[in-house]
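Novice: Sequence:
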Amino acid sequence: MGIPADDVVLIQQGGGSNDPTVITVNCPDKSGLGCDLCRIILEFGLHITRADFQTDGKWCYIVFWVVQRSNSLRLDWDSLKNQLLIVSPPCLAPLYYDHKLNGSTAAPSVYLLKFCCVDRKGLLHDITEVLTELEFTIQRLKVMTTPDEKVVDLFFITDGRELLHTKERRDNTCGYLCDVFKEYCISCELQLAGPECENQRTFSSLPMAVAEELFSCELSEKESCTQALGTATTPPKKAIVTVDNLLSPAHTLLQIQCVDQKGLFYDILRTSKDLNIQVAYGRFSSSIKGYRNMDLLIRQTDGKKIVDPKLLANTCSRLKEEMLHPLRVIITNRGPDTELLVANPVELCGKGRPRVFYDVTLTLKKLGICIFSAEIGRHSTQDRQWEVYRFLLDENCDVPLASSQARNQIVDRIRRTLMGW
Numbered sequence: 002m003g004i005p006a007d008d009v010v011l012i013q014q015g016g017g018s019n020d021p022t023v024i025t026v027n028c029p030d031k032s033g034l035g036c037d038l039c040r041i042i043l044e045f046g047l048h049i050t051r052a053d054f055q056t057d058g059k060w061c062y063i064v065f066w067v068v069q070r071s072n073s074l075r076l077d078w079d080s081l082k083n084q085l086l087i088v089s090p091p092c093l094a095p096l097y098y099d100h101k102l103n104g105s106t107a108a109p110s111v112y113l114l115k116f117c118c119v120d121r122k123g124l125l126h127d128i129t130e131v132l133t134e135l136e137f138t139i140q141r142l143k144v145m146t147t148p149d150e151k152v153v154d155l156f157f158i159t160d161g162r163e164l165l166h167t168k169e170r171r172d173n174t175c176g177y178l179c180d181v182f183k184e185y186c187i188s189c190e191l192q193l194a195g196p197e198c199e200n201q202r203t204f205s206s207l208p209m210a211v212a213e214e215l216f217s218c219e220l221s222e223k224e225s226c227t228q229a230l231g232t233a234t235t236p237p238k239k240a241i242v243t244v245d246n247l248l249s250p251a252h253t254l255l256q257i258q259c260v261d262q263k264g265l266f267y268d269i270l271r272t273s274k275d276l277n278i279q280v281a282y283g284r285f286s287s288s289i290k291g292y293r294n295m296d297l298l299i300r301q302t303d304g305k306k307i308v309d310p311k312l313l314a315n316t317c318s319r320l321k322e323e324m325l326h327p328l329r330v331i332i333t334n335r336g337p338d339t340e341l342l343v344a345n346p347v348e349l350c351g352k353g354r355p356r357v358f359y360d361v362t363l364t365l366k367k368l369g370i371c372i373f374s375a376e377i378g379r380h381s382t383q384d385r386q387w388e389v390y391r392f393l394l395d396e397n398c399d400v401p402l403a404s405s406q407a408r409n410q411i412v413d414r415i416r417r418t419l420m421g422w
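Be aware that the sequence shown starts at 2, since it is given in the numbering used here, and climbs by one per residue.
The set of hints was computed from the structure by calculation and includes no laboratory data.
Among the clues, some could well be false.
[As the list claims (entries may be wrong)] Straight-line distance between alpha carbons at most 27 Å, and here's what the computed BS3-like set of lysine-lysine pairs gives: (1) K290 with K31; (2) K183 with K151; (3) K321 with K31; (4) K183 with K59; (5) K59 with K306; (6) K122 with K367; (7) K168 with K183; (8) K82 with K122; (9) K183 with K122; (10) K168 with K82; (11) K321 with K290; (12) K143 with K122; (13) K306 with K143; (14) K274 with K82; (15) K366 with K122; (16) K274 with K239; (17) K274 with K115; (18) K321 with K352; (19) K143 with K168; (20) K306 with K31; (21) K183 with K366; (22) K274 with K352; (23) K366 with K352; (24) K239 with K311; (25) K115 with K168; (26) K31 with K305; (27) K82 with K143; (28) K321 with K305; (29) K115 with K143; (30) K183 with K115; (31) K31 with K59; (32) K115 with K367; (33) K305 with K274; (34) K82 with K352; (35) K311 with K321; (36) K352 with K31; (37) K151 with K367; (38) K115 with K151; (39) K59 with K305.
Could you build all of it, start to finish, from the sequences and the hints given here?
Specialist: Structure, rendered in structure tokens:
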């Protein structure tokens, strides 16, 4: 009959403020489970410091050591456990478990939040922080600043608690937003999104030159490309993947060394999931002098090791690219305006990277840069789809946006925040 649902996910909080919390998941296996679990951990603002991963194709046992990078958001551990349970396959017969714990992949309903308020510095991040605290995920966004210094925000959101269909949850959300922003709040409406949600899925095409600059940085052994992925103020970039097909008769061993960064384990498991590669065993060690060492035993979906040289080369190349350059950040001109663009690859299941919008708006707030307008959309290149965040920056700020030096510093600060450096 399996094990009780309460034992599928165990969370043991550290005894001290600096001690990691240990999250153990013990359940039947499914394709991409490790990636799904890492995504949820990232969505709750946690950083994975170590991980052990074992599966025989039928059962999966994973242990994560996690820490909070910031105490600005209250973390609901019960809600985190519930979200991890939802993506974990059930261990009991169908008669005994709740339908929410059956691993259903049905897309959650999208709701439209219309929030109108008086503009001020850091407003967009402050709204994002409230929505994150309430466990909403921003799927799409349209932010417009009016000439009379008012802001109209259209947030297309999904609810991690899956309660927005209730009037109580909608009323409490609007009431909480009004209480937080007090005299700045003009109106707040929350309703099930209609056809306008589909219209927000894509925005006008990126100019060819901008798209080329944003997406064309491919992995290269040349020193110039390696330097382009960071600046003198960021850690040196290096990713080494060593392949061993002799150690195990059934698995290919990948030994990986790379710079430590936020979301690293997620990026590796996401890439493996997209390439239809199963990770049978993984050990994600603690950081040593800013670097991580990982051992992965992998196989194809047919259960065999990877012996095709082309497939091995493609797997290693994709892993290196995702470790060295998982996000793209540039600042460019959009007519007379200054535009910031941030892009990250979308999983094949259609989900983008967690908390990117939160981190970017937080960095801009700390830099004292106001956002005139913002939107989230999708852009397709030849081999993948990207989630693109576009921000028109307000020129009336203390930072000289026309200066190339200032632009480089902004890009570097955003990249460092996104990567956890």
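Novice: CA of K305 to CA of K274, is that 27 Å or under?
Specialist: 16 Å, holds
Novice: CA of K352 to CA of K31, is that 27 Å or under?
Specialist: 18 Å, holds
Novice: Do the alpha carbons of K321 and K290 lie within 27 Å of each other, as the hint requires?
Specialist: 20 Å, holds
Novice: If you draw a straight line from the CA of K183 to the CA of K59, is it 27 Å or shorter?
Specialist: 52 Å, violated
Novice: Check whether the Cα positions of K306 and K143 lie no farther apart than 27 Å.
Specialist: Distance ~46 Å between K306 and K143 Cα, so the pair is violated.
Novice: K122 and K367 were given as a pair; does the straight-line alpha-carbon distance stay at or below 27 Å?
Specialist: Holds, at roughly 10 Å.
Novice: With a cut-off of 27 Å on the C-alpha distance, tell me whether K168 and K183 pass.
Specialist: Satisfied, since the Cα-Cα distance of roughly 22 Å is no more than 27 Å.
Novice: Hint check: K321 vs K305, CA-CA at most 27 Å. Holds or violated?
Specialist: 23 Å, holds
Novice: Between the alpha carbons of K290 and K31, is the straight-line distance 27 Å or under?
Specialist: The given pair, whose Cα atoms are some 35 Å apart, is violated under the 27 Å limit.
Novice: Has the given pair, K183 with K366, been kept, meaning a C-alpha gap of at most 27 Å?
Specialist: Between K183 and K366 the Cα gap is close to 20 Å, so the pair holds against 27 Å.
Novice: For K274 and K352, compute the direct alpha-carbon distance and say whether it is at most 27 Å.
Specialist: 13 Å, holds
Novice: Holds or violated: K183 with K115, Cα cutoff 27 Å?
Specialist: 16 Å, holds
Going down the numbered hints, you'll see the structure goes against 1, 4, 8, 13, 17, 27, while the others check out.
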